[in-house]
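Novice: Dock chains B and C against chain A, hints included.
Chains as they are written, first to last, in this note's numbering: chain A, 1 to 135; chain B, 1001 to 1224; chain C, 2001 to 2401.
If you're looking for bench data, these hints aren't it; they were derived computationally from the structure.
Errors might be hidden in some of the hints.
[Said to hold, decoys possible] Distance ranges between label pairs, derived from CB positions: (1) A:Val30 - C:Thr2256: 33 to 41 Å; (2) C:Ile2023 - B:Tyr1115: 33 to 41 Å; (3) C:Leu2345 - A:Leu82: 20 to 28 Å; (4) C:Thr2395 - B:Asp1072: 20 to 28 Å; (5) C:Ser2382 - B:Arg1014: 55 to 63 Å; (6) C:Leu2345 - A:Ala9: 55 to 63 Å; (7) A:Lys64 - C:Ala2264: 53 to 61 Å; (8) A:Trp41 - C:Glu2137: 54 to 62 Å; (9) A:Leu82 - C:Gly2364: 30 to 38 Å.
By construction, the Cβ of each residue, glycine as well, lies at the ideal position given by its N, Cα and C atoms.
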Amino acid sequence: MKQFSPGAAAALLLSCVIAVGSVSFLGPCVHVDGSFGSCHWAGQAMLGIGLLLVILSVAGLLVKDGRVRAGILFAAAAAAVLGIFVPGTLINLCGMATMRCRAVMRPAMMLLCALTALSCLLSGIAAYRKAGSKT
Amino acid sequence: MILSAEQISKRYFRKSGEANHFYAVKPLSMTLNPGTVTVLCGRSGSGKTTLLHMLSGLLTPTEGKVRLGETDLYSLPDRELSKLRNASIGVVPQARSVLDTLTVRENILLASSLYGTEDRREEAQRWMETLHIDGLADSRAAELSGGELRRTAIARTLCLHPPVILADEPTGDLDDENTQLVSGCFRKAAEEGAAVLIVTHESDALNIADAAFRMDGGQLSALT
Amino acid sequence: MKRGSLAIKNLLRKPGRTAALVILTALLALSVFGGSVVVGSLRQGLNSLESRLGADIIVVPSSAQSKASFQNMLLQGTIGAFYMDGENLDRVREVEGVETAAPQVFLASLKADCCSVKIQVIGFDPETDFFVRPWIEQSHTRELGDLDVVVGCKVEAEVGEILRIYDERCKVVGRLAPTGTGLDTAVYCNLSTMKTLLAAAEEKGVSHKVSSDESDDQISAIYVKVKDGYDIDQVNSKIQGHTRKCSAVRTKSMLTDVSDSLSAISGTVATLIGAVWLLALVILVVAFVMIANERKREFAVLRLLGTSRSMLGGMVLKESALCSLAGGILGVLTASMLVFPFTTLIETSLGLPYLRPSAGTILGLALASLAATVLVGSLASSWASFRLSRVDPGTVLREGN
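Isolated chain A, as found in the complex:
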């Protein structure tokens, strides 16, 4: 019988915010001349990571086998940790701290990814232990 995983559900919600936010209200700077700074690509990378997290979170919710579910959630946690380092560390952002990419996108994405990683990690551990106790 499927066991609902609140951690995976929370991760799904956070992942959706990452994916949608990265191209909208939590997105990078918009340049009036239409050019793209490097922060634009950081935003695109976060969109990709967000979509990956959405898929993994959905899988984490639907998969019945506890160990497989745990593996999926640990992978999602790793992807979320990667997301923490994308804006500003792996991909450079604009050079002024007051610009949108640094003032909004970077802290928001780091926070959301950290919460997603924590949620996935804890629910992965819970799924693994539950699967272990049944054998």
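Specialist: Relative to the frame of chain A, chains B and C by itself:
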């Protein structure tokens, strides 16, 4: 330890009706001796439960005294009375009295844990086995039937080996087999020195009784 | 099972009820901690501005736009580029009571390669300046050479990096400590470098109000220190009368404006916090009373088993204190996640000096918020605790039949 009631009564005032007060329990005296089983019968509303509550230290009589040994229960401050009741007066109420948030084992150990008395886990296990609820040790109240809840409450009381046991309809939810079992437990407790009072409708309880009384309209009378 | 663990079991085995109480108390902690950090940061920013300014009077071009532009530049870091005749510097120095007068020249870059927006460049005279120089000397002790720049803390350029401003390669030789003001977004250079940049701008076809030939005679602001014993207002008036097309502004009045804005915001924050606390307190009291009604039977059983009134009351208080503590920690953590990572966003939204208090102050605020939450949460349960300790087991258990 002797539990004795000296001319106790319970009077309530009412706002309407012929008289401005009525006696739920008319002035009476009674003694519960160690090593005896006393049965109290009577119709619903006759004052049995009110009497039991006064004897257990839960309801202050309008008149009279209740003594446990030499101690006047109602002269004690709440803290001391509560501790005395925990140690010396075991009550099995008629109503459901098992806590929902605890398991069967935890409910049985609850009374002994309030004042940090010795570890009674083995004793609790023994009573669970005696009353056939050992398979439910880790179950919560919501998972139990009425009879299982009743036996849990009885195990909780007997686990502490109190010198006085007051049980209100202890076999009400039980089938014949469990009724015999529970009656046997109370009889054994009396043989080990406890003073046992059983309030019941059932006539079977008279089989184990050393003394029997009847309550009618708040009036106590001995049954021959 | 220990008696003390009964309270914890009650909380853990009714997760829905416990979660609701924890969330309510978390709101209390979140509002007070978050609000006090924001207000504290605003006060710290104002103190920083006050200590940083140093000047008694600032002389700027007389247009209202210039005055507003200067204030915005200081507070919000908006780009300011306005100019007045350089001879006003000599006129100010001639005024009796003026101890020091230091000029500054402002320039807005079109684009620096660090940023896709304009940045503020501020040129100062190292020999006379008393505003920027002490601040720069905290991080860079050598003289600023040609095309050497020092950047404010919000400019993302490390020491040694090259900043291209109007295609001139300027070397970053220092980063300044945070001030919480708009000065954190500026780049600082000496007047010689400013002259070079102005010429470069001219070559790019970007017209400014000054030309490179006349840069010595065109300045943007003069910072004035008044001699001891002179009345600042009087000196201010004299400067006003002695200069042309200039306004002399007392820094005190500028700070008063900022202080008034800060007071307004503080008042609003305090009102909001008060409203949240009042609402949460009412809800908590009602919730505890409702929970008490629901748990009458449970407490009647405990009384039956020999729990004293004080033990019962203590158990309820312990449960509410534990809930409040958990909620308090959650609230403080949540407020921290909202306030600290988004410091820059809050600063730019408020448009006022904003400097985070020290770690010690923040820790103190967190502990105080936690303590207040636990106290209020426990108080909210006190009525319910009193009622439950007075439960009549006989009546309650009889009703339960």
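Novice: A separate judgement is required for each hint: does it hold in the structure or not?
Specialist: Outcome of the hint check:
A C-beta distance of roughly 37 Å is found between A:Val30 and C:Thr2256, which places it inside the suggested range of 33 to 41 Å. About 35 Å separates the C-beta atoms of C:Ile2023 and B:Tyr1115, a value consistent with the hinted range of 33 to 41 Å. In this structure, C:Leu2345 and A:Leu82 meet the distance hint of 20 to 28 Å, their C-beta atoms being roughly 24 Å apart. Between C:Thr2395 and B:Asp1072 the beta carbons are some 23 Å apart, a value that agrees with the proposed interval 20 to 28 Å.
In this structure the hint that C:Ser2382 and B:Arg1014 lie 55 to 63 Å apart at CB is violated, the actual value being about 33 Å. Against the hinted window of 55 to 63 Å, the Cβ-Cβ separation of C:Leu2345 and A:Ala9 comes to about 28 Å, which falls outside the hint. Look at A:Lys64 against C:Ala2264: about 58 Å separates their beta carbons, and that is inside 53 to 61 Å. Between A:Trp41 and C:Glu2137 the CB atoms are about 39 Å apart, so this pair departs from the stated range of 54 to 62 Å.
Range check, A:Leu82 to C:Gly2364: about 36 Å between beta-carbon atoms, so the 30 to 38 Å window is met.
The structure shown violates the earlier hints numbered 5, 6, 8.
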